[in-house]
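Asker: Chain by chain, the residues:
Number of protein chains: 2
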Amino acid sequence: MKKHNFSAGPCILPQSVLQKAAQAVTNFNDSGLSILEVSHRSKDIVNVMEGARELALEHLGLQNKGYKALFLQGGASLEFLMVAYNLLETKGAYMNTGTWADKAIKEAKLLGNVDVVASSKDQNFNYIPKGFTIPADADYFHCTSNNTIFGTQMQNFPDTDAALVCDMSSDIFSRVLDFTKFDLIYAGAQKNMGPAGTTLVIVKEEILGKVSRVIPSMLDYQVHISKDSMFNTPAVYPTYVSMLTLEWLKDLGGIAEIEKINNAKAALLYSEIDENPLFNGFVTNAEDRSKMNATFTLNNDDLKERFDTLWKSAGISGLNGHRSVGGYRASMYNALPLESVQVLVDVMQELKRKA
Amino acid sequence: MKKHNFSAGPCILPQSVLQKAAQAVTNFNDSGLSILEVSHRSKDIVNVMEGARELALEHLGLQNKGYKALFLQGGASLEFLMVAYNLLETKGAYMNTGTWADKAIKEAKLLGNVDVVASSKDQNFNYIPKGFTIPADADYFHCTSNNTIFGTQMQNFPDTDAALVCDMSSDIFSRVLDFTKFDLIYAGAQKNMGPAGTTLVIVKEEILGKVSRVIPSMLDYQVHISKDSMFNTPAVYPTYVSMLTLEWLKDLGGIAEIEKINNAKAALLYSEIDENPLFNGFVTNAEDRSKMNATFTLNNDDLKERFDTLWKSAGISGLNGHRSVGGYRASMYNALPLESVQVLVDVMQELKRKA
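In order, the protein sequences belong to chains V and F. Positions 1 to 355 (our numbering) are the ones given, in order, by the first sequence. Positions 1001 to 1355 (our numbering) are the ones given, in order, by the second sequence.
If you're looking for bench data, these hints aren't it; they were derived computationally from the structure. We put the beta carbon where it would ideally sit given N, CA and C, even for glycine. There's no promise every hint is true.
To be verified - Simulated DEER-style distance windows between Cβ atoms:
{"no.": "1", "chain 1": "V", "residue 1": "V46", "chain 2": "F", "residue 2": "N1064", "range": "39 to 49 Å"}
{"no.": "2", "chain 1": "F", "residue 1": "E1054", "chain 2": "V", "residue 2": "S324", "range": "22 to 32 Å"}
{"no.": "3", "chain 1": "V", "residue 1": "T133", "chain 2": "F", "residue 2": "D1228", "range": "34 to 44 Å"}
{"no.": "4", "chain 1": "V", "residue 1": "K2", "chain 2": "F", "residue 2": "K1304", "range": "56 to 66 Å"}
{"no.": "5", "chain 1": "V", "residue 1": "E89", "chain 2": "F", "residue 2": "K1304", "range": "47 to 57 Å"}
{"no.": "6", "chain 1": "F", "residue 1": "D1159", "chain 2": "V", "residue 2": "P135", "range": "54 to 64 Å"}
{"no.": "7", "chain 1": "F", "residue 1": "L1268", "chain 2": "V", "residue 2": "N27", "range": "23 to 33 Å"}
{"no.": "8", "chain 1": "V", "residue 1": "A355", "chain 2": "F", "residue 2": "K1250", "range": "47 to 57 Å"}
{"no.": "9", "chain 1": "V", "residue 1": "P135", "chain 2": "F", "residue 2": "A1136", "range": "43 to 53 Å"}
{"no.": "10", "chain 1": "V", "residue 1": "K250", "chain 2": "F", "residue 2": "N1029", "range": "23 to 33 Å"}
{"no.": "11", "chain 1": "F", "residue 1": "V1223", "chain 2": "V", "residue 2": "P135", "range": "27 to 37 Å"}
What the hints assert, rightly or not - If you want the footprint, here are the derived chain F segments under chain V, 3+ residues with CB under 8 Å:
{"no.": "12", "stretch": "1075 to 1082"}
{"no.": "13", "stretch": "1229 to 1237"}
Using the sequences and the accompanying hints, generate a full structural model.
Answerer: What follows is the structure in structure tokens.
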């Protein structure tokens, strides 16, 4: 039976990418060797690392604009720390939109003065704060563009003199934005880009080198830049699969094309959530709803067993909500086809007919 | 043509492991999904993470002895920092046996007082220092069991009241030792254990929690222990392939069996290096020679082109020495068959006949 993978991450990747990724494990670039057993300093692997970095910049329109791309290890969780280590001198300004932003705030506080300038904690993070002020003495403003757990997504990013830092782990490469507005973007690969184990960091070089503390080598963006992401042995395979996914996106027409598909998927599912009397969306402001992760609940818990049986029988997986929110979460990352969303909507309608 | 992969790392992995690893990329555990696209919280992946940790402890004889195993990201390079963050209060004692030890020392110095109690820098690291004293007030003693670049390997480890910390990146699981002697062992996966992208850490819990500094979450061993290596999304695939390799080693008979094969490979190559008048070993003390990485040079540079052509024609790859040493380096990790070493020895003898 065809699988419809709504997993929140690690999550669905394009089938063509997975075929190439499997091939490379037995015979990489017709070398007779596995990609897992060749030196990271070999020409073919250096090409992979360079290709991945170039494609990332190209998709975001950031080539030749003073930005560097890095593929590092440690996930967004290590970036929470690295951002503060590299940028926090006087004050870090943060927006708190949920679990991940909260963790970023916690790590930054170990390094210096942190000002939480906006938060949606008062309503269990079911909206995106607006109308806040970033202090003039802030070194940077940190935000999370998409919140996987709560299903909210930022539509607008503030104009500020502070460096604009954004955790885009769960919506990078999903929509067109003016990425030149950002000074530092980071993203764990395991949503729209690849498997778990590598983290994309895009940084405008001019913001670095301004803090007075000594930065340990592995936490220093300038060290990684000076070594082209190869200061130490990188996570070769996760980066390779990310490169394949970025090539797939390019063949498809890039971010502008995938955005149309993502918009269609989100429109289809959110209309059903709104129109079907059995379901309630968790995020009430329509403009704050995430196009990546739709969170919703059943109005009547008695229907849970029937609904769960229906969607599982339809080949759907990964639909359970996060424990902080409950209910359901449909993650519709780039590689999820519209067809899968239609299958979910059909199941929701079937439940209504039978209820 | 059959390949003989002498790469220093990432390096050769068992063929049976690579076959299973490729299969999992298209259809993991007959789920119809790729291992790259399922949640790290799913039962199958939790089993992988637990299995890898258990197998690591089992191979080293450290089950139920107060040790925890972790699969983290960032390689040995991040461990250089984490060791100091978690253990350095009064003083860290270090042995300097080359590039990697030197980097560990550099990062530790950022956190506190470091005493380099022994070094072989005076002879470009071609031996292992002996007869040194570890200060009574040292929190820990740090050493590198095997030095990939220079081709030296420790045979004995000091008895000390300080915590014994060892970077075993390039010889873990290759030989029988009394591993209960160690308090913290770490190893990047990409030699004897798996592909690049995951790092095994084995730590005796009782040595943790004794420093006064606040440790950032991602650098805190206790945080990772409390979350069973899943504080954040782990490098799932590299850990899975490591688990497969540890299963392969178990099927083979474990460390005791692989040690016999490793001894046979090293004996075969070093006899040829010693007996063949065209070659010189870089490491002069026989007892300090690494069984993982044999470093040697040609006596006559004029023969270089002929020798390089010969070994390449024989299907050998990865034989060039590191730039710090020059010459050649034959890395004979666990998965390299004796047959490959024989092919190299045959080539060395052929050169002698033709020279």
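Asker: Which numbered hints turn out to be false for this structure?
Answerer: The structure breaks none of the hints.
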